[in-house]
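Undergrad: The listed protein sequences derive, respectively, from chains S and L. Anchor point for the first sequence: position 245 equals 245 in this note's numbering, and the numbering is continuous, going up by one each time. Anchor point for the second sequence: position 124 equals 1124 in this note's numbering, and the numbering is continuous, going up by one each time.
A few of these clues could be false.
Derived DEER-like restraints, expressed as beta-carbon distance ranges [unchecked claim]:
no.: 1; chain 1: S; residue 1: 189; chain 2: L; residue 2: 1149; range: 40 to 48 Å
no.: 2; chain 1: L; residue 1: 1089; chain 2: S; residue 2: 142; range: 47 to 55 Å
no.: 3; chain 1: L; residue 1: 1206; chain 2: S; residue 2: 190; range: 24 to 32 Å
no.: 4; chain 1: L; residue 1: 1104; chain 2: S; residue 2: 239; range: 57 to 65 Å
no.: 5; chain 1: S; residue 1: 209; chain 2: L; residue 2: 1106; range: 54 to 62 Å
no.: 6; chain 1: L; residue 1: 1262; chain 2: S; residue 2: 142; range: 33 to 41 Å
The set of hints was computed from the structure by calculation and includes no laboratory data. All C-beta atoms in this analysis are idealised placements derived from N, C-alpha and C, irrespective of residue type, glycine included.
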Amino acid sequence: MTVVPSRRPVLEVRDLRKQFVLHHLGGRHVTALDGVDLDVAKGEHVALVGTSGAGKSSLLRCVWRSYLPSSGSVVLRRTDGTSVDLATLDDTTLADVREHEIGYVSQFLRREARRTAVEVVRGSARRRGVLDQAAAGDLAVEALGRVALPAELWNTYPVLLSGGEQQRINLAAGTVAPPRLLLLDEPVASLDPANRGAVLELIARLRDSGVAVLSVFHDLDAVRQLADRVVRLERGRVVAVGPPEVVLTAAGVAS
Amino acid sequence: MGADWALRVDHLGRTFGRPGPRAEAIVAASDVSFSVAAGEALGIIGESGSGKTTVLRCIAGDEHSSSGSVWLRALDGGETDLVRLAPSQRRALRIDRLAMVYQDPAQGLRLDVTAGGNIAERLTAAGWRNFGQIRQRAAELLARVEVPLGRMDDLVRTFSGGMRQRVQLAAALALRPPVVLLDEPTTGLDASVAAGVLDLIRDLLEEWGLAAVVVSHDMAVIELLTRRCLVMHQGRVVEAGLTDQLLEDPQHAYTQRLVAAARG
Chain S
1 MTVVPSRRPV LEVRDLRKQF VLHHLGGRHV TALDGVDLDV AKGEHVALVG TSGAGKSSLL
61 RCVWRSYLPS SGSVVLRRTD GTSVDLATLD DTTLADVREH EIGYVSQFLR REARRTAVEV
121 VRGSARRRGV LDQAAAGDLA VEALGRVALP AELWNTYPVL LSGGEQQRIN LAAGTVAPPR
181 LLLLDEPVAS LDPANRGAVL ELIARLRDSG VAVLSVFHDL DAVRQLADRV VRLERGRVVA
241 VGPPEVVLTA AGVAS
Chain L
1001 MGADWALRVD HLGRTFGRPG PRAEAIVAAS DVSFSVAAGE ALGIIGESGS GKTTVLRCIA
1061 GDEHSSSGSV WLRALDGGET DLVRLAPSQR RALRIDRLAM VYQDPAQGLR LDVTAGGNIA
1121 ERLTAAGWRN FGQIRQRAAE LLARVEVPLG RMDDLVRTFS GGMRQRVQLA AALALRPPVV
1181 LLDEPTTGLD ASVAAGVLDL IRDLLEEWGL AAVVVSHDMA VIELLTRRCL VMHQGRVVEA
1241 GLTDQLLEDP QHAYTQRLVA AARG
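Working from the sequences, and respecting the hints, build out all of it.
TA: Dropping the structure here:
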């Protein structure tokens, strides 16, 4: 089970700061991240913990760059060995890097009205470079199977399905043709225990196969089960880093 | 800016002179620059009067730009500035290299011509002569945009708004132009009809790998169709970014207001 992380991290976050400037409130500043350093290696699962408002989701979004970092760097080492700073990368290249190398799974599904479940996942595989339609379709079916979505739902439109079913389609799309870096924001929030188990197993397997995982789980049992390292955030700063059994007990499991 | 753009716009501007001795010019658009790659859709958002439609019309050649350049990869490999072309050459581009889909289908179609006839006009303009082939191609296109074939020989005037918009898409895209400009393509349609037209647009963009510029004041349209976006205010681009970033973390005061209003 133990994967020795390679020396050069897949993701290297340095002195990351995020401030929101709220123009409608007279330009008030709100600090979400206040100088975060963080590494995630190939085949490593790093889980973010902390009370709500500590900056966990903000950090994930700054890496995905649906939040624009105010300063600092978010360096992704790409499959071809080159590095890019996601914090400052131009939009066109960023859009390509996202599609090819980063999976982002949140609680919310992007509206994909006239796409069936299998089409959503197949589209994701194709964007990750599996250009052959049939091969991408096979991968999609496999991915949907791994998140335990019943086969009779594969050709249904996700908008017609339950929250838990949509979330699993989302997960299948985020993990099909595995990305190099997987960002997970509460990926099992709306799942029942059986499906939760299947999804946790999938996440563990991806990490074992070399995917770098950065996650936020509300559920600390999932963190204990999956994380190699835990990073505790408080008010936008890293206050503790270490193995789950150390970080989660030391802080008295505050969150 | 990748080198693989299908459409490139550099410092585009459009001012109107105002009569009278001391009048200042009205700036409809100023210093607008962007590029769009094949298979990519770029959104332009902003309130009415922000200049977004003016930009589209200047690219299409419906209006004269006052400054700046427009380049199409499909024209001389991107070496010729469209702005310098003669009006007839500019119109010729609209046959098969640069399509525009208008908010009002009456601007992109002839309402007193049949659906099939509207499409046939595009094909004959491109040199198609065989009646059977033209009929067949028109039928294929109408099927693709989900207009019942039985209505092919009906005047467009007798069609519903959503159906007219589908025919306009079929006609505009009949010759698979590499670049398509969409000006508020679903505004004015009922929500459920609009959703169907939007889905169709997205399918066509993806299927045919078109480069698209989508102008809309509707964030849901922009979110569904585009991955990058410009925000225009008073004729200028105030912010540009990935669409999800602009919606989740708008930077400029104007964009924050716009997004808050749309989400409110």
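Undergrad: Are the hints correct? Go through all of them and say.
TA: Evaluated hints:
At about 47 Å, the CB distance of residue 189 of chain S to residue 1149 of chain L agrees with the hint of 40 to 48 Å. Checked against the hint of 47 to 55 Å, the pair residue 1089 of chain L and residue 142 of chain S passes, with Cβ atoms roughly 52 Å apart. Remark: the range hint 24 to 32 Å for residue 1206 of chain L to residue 190 of chain S is upheld by a beta-carbon distance near 29 Å. Between residue 1104 of chain L and residue 239 of chain S the CB atoms are about 59 Å apart, so this pair conforms to the stated range of 57 to 65 Å.
Here the CB-CB span from residue 209 of chain S to residue 1106 of chain L is close to 56 Å, well matched to the stated 54 to 62 Å. Judged by the Cβ atoms, the range 33 to 41 Å given for residue 1262 of chain L and residue 142 of chain S holds: they are separated by roughly 38 Å.
Violated hints are absent here; each numbered hint is respected by the structure.
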